[in-house]
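Student: Sequence:
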Amino acid sequence: MAEFLWTFAVQEVLKKIVKFGAQQIGLWVKELQDIAYEADDLLNELVYEDLRRTAEQTEVRDFISISPSKNPFLFRCEKAKKMKNTTQTLYKHYCEASALELVGDQSATETEVAPKQIRETTSNLDFEVV
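Numbering (my numbering), first residue to last: 1 to 130.
Don't take each hint at face value.
[Said to hold, decoys possible] Below, in silico cross-link-like pairs of lysine-lysine (PhoX-like), each with a Cα-Cα straight-line distance of 25 Å or less:
| # | residue 1 | residue 2 |
| --- | --- | --- |
| 1 | Lys30 | Lys92 |
| 2 | Lys92 | Lys79 |
| 3 | Lys92 | Lys82 |
| 4 | Lys82 | Lys30 |
| 5 | Lys15 | Lys81 |
| 6 | Lys92 | Lys15 |
| 7 | Lys81 | Lys92 |
| 8 | Lys84 | Lys30 |
| 9 | Lys15 | Lys30 |
[Unchecked claim] Computed spacing ranges between beta-carbons, pair by pair:
| # | residue 1 | residue 2 | range |
| --- | --- | --- | --- |
| 10 | Gly26 | Arg53 | 26 to 32 Å |
| 11 | Glu31 | Glu78 | 20 to 26 Å |
| 12 | Glu38 | Leu74 | 18 to 24 Å |
| 13 | Thr86 | Glu56 | 26 to 32 Å |
| 14 | Lys30 | Thr87 | 27 to 33 Å |
| 15 | Ser98 | Asn71 | 37 to 43 Å |
| 16 | Asp50 | Gly26 | 17 to 23 Å |
| 17 | Gly26 | Leu90 | 15 to 21 Å |
| 18 | Arg53 | Ser98 | 39 to 45 Å |
I should point out that these hints are in silico values taken from the structure, not numbers from a laboratory.
Backbone N, C-alpha and C fix where the C-beta goes; we use that ideal spot for every residue, glycine too.
Construct all of the structure, not just a fragment, from the sequences and the given hints.
Tutor: Put into C-alpha cells, the structure is as follows:
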C-alpha cells in the first residue's frame, strides 16, 4: 500500500511539472518517470518474493537450485544488482537536474546552526539534598 501511495504522489508531481515545465525539463521528467516505474517494479518484486517465501516451506534442495526464484542467494544477488543500477541511474539523473537548474544548491548559511540554538550542556549531575 505504501508503495502505491508513493508512486501515486510521484506521478502527480511529475504530471504537474510536465504540464508547466519547458520542453527540455519535460523530457527530463519523462526519463525520471521511467526510472520511478523501474524502482516501483523492483519494490513490487521484492514484496512478492517476501510473501512467496513466507507462504511456502523451503527445503534444502531448493537452495541448491540454480533458478533465482528458488535460490535465495541468487535472488538477492540479482535484486542487489538491479538496486545498484537504479541508484546509479537516479544519481545520473540528479546530476542532469543540476545542469537544468532544477536542484538548488544549499548555501552554507542554510546548513549552519544558529548560535542561539546551540546550548551548552554538561554531564555532571548535582544531587544535593537540602
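Student: Determine which of the earlier numbered hints do not hold for this structure and return their numbers in increasing order.
Tutor: Structure breaks hints 5, 10, 14, 16.
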